[in-house]
Amino acid sequence: MDRTNPEKPSGLFNGIVDWMDERFQVRTLVQSALHVKIPRKAKTFYLGGITMFLFMVQVVTGSLLALYYQPTPDRAYDSVMFIMSNVNFGWLIRSIHSWGANLMIVSVVLHLLRVFFQGVYKRPRELTWVAGMFLLIVTLVFGFTGYLLPWDQRAYWATTVGTEIAGAMPFVGEFALNFLRSGPDITASTLSRFFGMHTLWLPMTLAAMLLVHLVLFHQQGIADPTKPVSRAKPDASATPEPEGKLLPFFPHYLLSEAIAWYVILGILIILASLWPVGLEAKANALQTPAHVKPEWYFLFLYQLLKFVPRVAGVLAPIVAIPLLVLLPFFDRNPELKPRKRLFAVIIGLLTVAGIIGLTIWGQFS
Amino acid sequence: MKHKLAISIVSAVLFLLIGIITVSAQGSDKAILSAPTSTPAAAADRVVTTTVKSTAKAKVDTCYDCHAELLDKHPKVAADWKDSVHGAAGVSCADCHGGDPTLDQMKTSMSAAAGFIGVPDRTKTPEICGACHSNVERMRQYNLPTDQYSKYKDSVHGAKLAEGVTQVAICSDCHGSHAIKKASDPTADVYPLNVPALCSRCHSDAKMMEPFNIPTNQFDVYKSSVHGEALLGKQDVRAPNCASCHGSHDAKPPTSAEVVNVCGKCHTATQNYYEQSLHSQLKEAAPKCWTCHGNHDVTKPDENMFTHTASTEPVCTTCHDIQTLDLIVDKAKFANPDDRRCDTCHHQDSWIYEQVLSLKSAMTVADLAYKQGDVMIAEAIGRGMIMNDAESRLAEARTSLISARAAIHTTKLTEVTKLTDKADASAKEAQQMASDKLGENLFRREAMFVAMGVIITNIGILAVVRRRLYKELE
Amino acid sequence: MESTTSATRPDKKLVSRRGFSRFLLGFSFISTVAGAIIPILGYLLPPPSANAGNGGRVLVGTTKDIPIGQGKVVPVAGKPVMVINSNDGVHAFSAICTHLGCICMYDPVRKMIICPCHDGQFNPVTGVVVSGPPPKPLASIAVSVDGDNIFIGEA
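Protein chains in written order, with the working numbering: chain A, 1 to 365; chain B, 366 to 839; chain C, 840 to 994.
Some hints could be false.
Unchecked claim - Okay, derived cross-link-like pairs now, BS3-like style, lysine-lysine, Cα gap no bigger than 30 Å in a straight line:
id	chain 1	residue 1	chain 2	residue 2
1	C	K911	B	K546
2	B	K546	B	K599
3	C	K975	A	K282
4	C	K950	B	K777
5	A	K282	B	K736
6	C	K975	B	K777
7	C	K975	B	K725
8	B	K630	C	K903
9	B	K599	C	K975
10	C	K911	A	K282
11	B	K783	C	K918
12	C	K918	A	K293
13	B	K736	C	K975
14	B	K630	C	K950
15	C	K918	B	K599
16	C	K950	B	K783
17	B	K665	C	K975
18	A	K282	B	K599
Please keep in mind that the hints were generated in silico from the structure rather than gathered at the bench.
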């Protein structure tokens, strides 16, 4: 509070910071990035941060896996096997990468649900929501492309049925299928396509979108889910929050976030150690295994396609995704409390229940 | 109505026309009939002659035309024939039943004068079928054998039939009379998967089998045997059905002298081993396949087949003729599967018993090592370890172990222990690999606990710092 | 006086508290970094049998080891592979019998791949079942000959 106090600890670290500050005004930069206040009533459950942490874990483990992985059909399987059985900690890195992917999808979806049910995607945070939706889609594509890379039976056939979902689209289905598979079948060029997407395109896209998401988030601060933002008079005339209702983002909020990251790291290590990722038999295009299923996060769609007319089943997500992306623009009800926006909340709950139901059904059918 | 009338007028005119043509051609047809071992030209013309005296060969078939329109079973009989192999190959009603299919009056076409015999006599049926089916020229085009009739005459069925016992199986009992299908047709009664049920239609019927004084439980026993389970359960057509061991047309129980060759048709490796044994040199007194494995009730052999579980009193007459003291095998002593043991003959006081025990222990030790290796590898796989090397070592153990099981038939301890020692060694190596991996897995878990300790400490530290910060904030 | 003591005491406490917090956070930071660095460094070290998984072709022998008319079972990536040098070239199959998983061998007299367990026989050129209980042919494996050297796997 009283920054006038000249008691500034000197040391190597501060020396370097001083040197940098003199040239690039780093202190101001860090100050503006970190020393912001957030409403005490904000309840984020740290999900956005957890997702970002998991992305960083994926970047580190993924870069390590790429050191030994060889993206051709006759070497992909053997190189993954090699990572698992010969490379020191190879099993750990691959298992963390695989479990991290699953957790990342869980946390990004929970993050979306939190924002939806708190209603905080509304004005003025529309664009943050849109960027977030793109991040979700990129994350799902990440999972989809990564699943094929081990080139075992499970990977091959999950990708076969997964790309067939895209192939079911009206009019453009065949094109989409050919585009995804780089031809009518899953071949060596599918594998290099998926590998390139997974290790070059998607990380760059996700990093760029994440930056946008974070900058937008930073400019507006964390939303207070108890207080709708007035439409008539934006910020200018709004009375500033009293100090007691605010919390410093740094270090208070970030410290809690760090605890959440440690918990997630612990969960990752336990999952990777007790249930390391396996490797089925090498992919064989001539032998379909008994129970072919896509990854669990596409299972609801796969199950939906089984009993709904193909066109309807594929159109549902095609319509639902743009709707979801543009949600803040047509949901113009300014209320945030669930009780005051029953329609949206009920639709949301029904959708979640439907997706969970279809996923469970798909798992046991 | 109008339609029907038109058809009958047209067909009547047709009959008349063709009747005139055939009557004029009868002379030449009779010439063919008088020479039943007909020429290739006749076969090519699809003119079929059987022992049944039918007068005419023509494009018209009044038998079919009428019977297809009659009531009761007749339309079905006509349709069955039409869909059958005979219907397709142009073997007509008259070829088996006689009569003249060119005449449209029942009284004349189905008269004795026209050679009509009705349902062929059971004793005559094989001969009627055999007239065509023994003809090499006629059967060549279908790639069918021609020895069924002669085989049949040599079978128990055929011999009894010749004695005038008419309830034995004749051709039509297995193949059907009108709806005859190829043996390769899965819906045919004679298709391999359906043969046991076919034979059991008569052979499981206690009343039918009473005059012959033979058992009727073979089908039930077979169903639960390894062979029955493979054929009927797994639908594996390569598994033996009744005919595989007894023959089909030449059905007869294999004799003691034949049984080794019968089983050896499929169990080639085992037969080779058996023929190296002292057992096989005993000729008449030799224990054969069925002595230890039974016949219809063959089950999966295991290590329990060496000795009885409880000690038994040796019975001299099991293996010795009480008068001459020559070696024999009293098959009755092996009727109960629990008595099909080495020590039924080589009783506990005999000097070969030691060897039996050694064989048993060699097999048991190797089998145990293999099973333990299997369990350990499964456990390591269950914990997410990659076990390719150990699995392939265990496959080597399995190869030696299965070979050792077959080599037991040599009854030579050295032959068997050579293989069991190899199996044991490979299995032990696989076990070692598995236990190394399990050890590595344990280390991973321990390392996980250390890592969790660090993480929990850090969470604790951050929690403490956080509490202080919040206190400061108040 | 009173005012100074009341001012300095919490200040002192604050400093020592900060110092302690800093110590704790330092420990936390270092332990976390160490925990992450150890597996990563271990991972980066080239593993002992770096050639085994580096995929591609595996040298299994020469045409002198396996002359025409001979066959041999060689381990490739821990799995037995049957390599046969026949009159019309070198062929390779999985040596694992499709019946019960025994390891097959080559019989140069009968010119057949045979399984010692139940006398299953396979064609040495195509791998199809010739006789015996195996339900399926042996899986074919890519093989190439470069000069005298026989390689398993695609180039």
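Consistency of the hints with the structure:
1. K911(C) with K546(B): violated, 47 Å
2. K546(B) with K599(B): holds, 24 Å
3. K975(C) with K282(A): Between K975(C) and K282(A) the Cα gap is close to 18 Å, so the pair holds against 30 Å.
4. K950(C) with K777(B): Holds - the C-alpha atoms of K777(B) and K950(C) are around 29 Å apart, at most 30 Å.
5. K282(A) with K736(B): holds, 26 Å
6. K975(C) with K777(B): violated, 33 Å
7. K975(C) with K725(B): It is violated: about 33 Å lies between the C-alpha atoms, which goes past 30 Å.
8. K630(B) with K903(C): Cα-Cα ~38 Å, so violated.
9. K599(B) with K975(C): With a Cα-Cα distance of about 15 Å, the restraint between K599(B) and K975(C) holds, given a limit of 30 Å.
10. K911(C) with K282(A): holds, 24 Å
11. K783(B) with K918(C): It holds: about 24 Å lies between the C-alpha atoms, which stays within 30 Å.
12. K918(C) with K293(A): holds, 28 Å
13. K736(B) with K975(C): holds, 26 Å
14. K630(B) with K950(C): holds, 21 Å
15. K918(C) with K599(B): Distance of about 29 Å is within 30 Å: holds.
16. K950(C) with K783(B): holds, 26 Å
17. K665(B) with K975(C): Roughly 22 Å separates the two Cα atoms, so the pair holds.
18. K282(A) with K599(B): Since the Cα atoms of K282(A) and K599(B) sit roughly 27 Å apart, the hinted pair holds (cutoff 30 Å).
The structure does not agree with the numbered hints 1, 6, 7, 8 stated previously, though it agrees with the rest.
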